[in-house]
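Participant: One point on numbering: in the numbering used here, the residue at position 89 of the sequence shown is 89, and numbering is uninterrupted.
If you're looking for bench data, these hints aren't it; they were derived computationally from the structure. Even glycine gets a Cβ: it sits at the ideal position worked out from N, Cα and C. One should not assume that every hint holds.
[To be verified] Distance condition first, Cα-Cα at most 25 Å in a straight line; then the derived BS3-like pairs of lysine-lysine: (1) 47 x 119; (2) 2 x 68; (3) 3 x 47.
[Unchecked claim] Restraint ranges, calculated between C-beta atoms of paired labels, are given here: (4) 104 x 2: 31 to 41 Å; (5) 96 x 40: 18 to 28 Å; (6) 91 x 58: 25 to 35 Å; (7) 43 x 126: 34 to 44 Å; (8) 29 x 113: 17 to 27 Å; (9) 92 x 3: 13 to 23 Å; (10) 61 x 132: 18 to 28 Å; (11) 108 x 60: 31 to 41 Å; (12) 95 x 125: 23 to 33 Å; (13) 56 x 115: 19 to 29 Å; (14) 63 x 132: 20 to 30 Å; (15) 3 x 112: 21 to 31 Å; (16) 142 x 112: 25 to 35 Å.
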Amino acid sequence: MKKPIVYFICTGNSCRSQMAEGWARHFAGDDIAIVSGGIEAHGLNPKAVQVMQEAGVDISQHTSDFIKNDLLNQSDYAITLCGDAYDRCPVTPPNVERLHWGFEDPARAQGNEEQVMDKFREVRDAIRDRVRTFVEDLRQNPRT
């Protein structure tokens with residue numbers, strides 16, 4: 001049986017999709033092929049790297065990449081993490097299950113450094129919980 005491919009998509013592939021990719025790799029190990037991409041490529045957000053590191057997941061070697069349409073079309077799941085990516089994600093064939101998990105953009109957080117970092121942690125933990133549930137469900141109910 002082939003490994004399912006899960007593609008996490010966000011506008012800039014710098015925060016939310018990177019965190020989702022990191023969590024998915026953490027929870028799924030080698031059972032699932034995990035990739036992420038963006039409508040644009042904004043570079044890896046250092047605050048996202050920092051809060052993931054605090055949680056024991058290293059995403060420091062990830063790269064911020066544009067969506068690869070050929071890989072997207074081979075994916076089992078395309079999961080958008082922001083409204084902009086949902087609206088602008090390329091059309092996919094019927095074999096790709098599209099899901100939308102809207103998360104607030106922590107890079108737009110206002111306030112002092114502590115308040116901004118708290119927003120990054122809040123989004124990180126929300127993504128962690130959603131990804132963990134998704135991976136558990138995928139293991140229990142694999143697509144055939």
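Participant: It remains to establish, for every hint, whether it holds in the given structure.
Facilitator: Hints, verified against the model:
A distance of roughly 10 Å separates the Cα atoms of residue 47 and residue 119; the hinted pair therefore holds under the 25 Å criterion. Only pairs whose Cα atoms come within 25 Å are accepted, and residue 2 paired with residue 68 is accepted, the gap being roughly 20 Å. For the hint pairing residue 3 with residue 47, the CA-to-CA distance comes to about 31 Å; that exceeds 25 Å, so the pair is violated. Hint check: residue 104 to residue 2, Cβ distance near 34 Å, so the stated range 31 to 41 Å holds.
Between residue 96 and residue 40 the Cβ separation comes to about 21 Å, which falls inside the hinted range of 18 to 28 Å. Evaluation of the 25 to 35 Å hint for residue 91 and residue 58 yields a pass: the beta carbon distance comes to about 34 Å. The hinted range of 34 to 44 Å is not satisfied by residue 43 and residue 126, whose Cβ atoms lie roughly 23 Å apart. Checked against the hint of 17 to 27 Å, the pair residue 29 and residue 113 fails, with Cβ atoms roughly 34 Å apart.
Range check, residue 92 to residue 3: about 18 Å between beta-carbon atoms, so the 13 to 23 Å window is met. Checked against the hint of 18 to 28 Å, the C-beta distance between residue 61 and residue 132 comes to roughly 22 Å, which is consistent with it. Range check, residue 108 to residue 60: Cβ separation about 22 Å, and the 31 to 41 Å hint is violated. Between residue 95 and residue 125, the C-beta spacing of about 32 Å keeps the proposed range 23 to 33 Å intact.
The hinted range of 19 to 29 Å is satisfied by residue 56 and residue 115, whose Cβ atoms lie roughly 23 Å apart. Between residue 63 and residue 132, the C-beta spacing of about 24 Å keeps the proposed range 20 to 30 Å intact. The hint said 21 to 31 Å for the Cβ distance between residue 3 and residue 112, and at roughly 43 Å that hint is violated. About 45 Å separates the C-beta atoms of residue 142 and residue 112, a value inconsistent with the hinted range of 25 to 35 Å.
Hint compliance for this structure: hints 3, 7, 8, 11, 15 and 16 are not met, and every other hint is.
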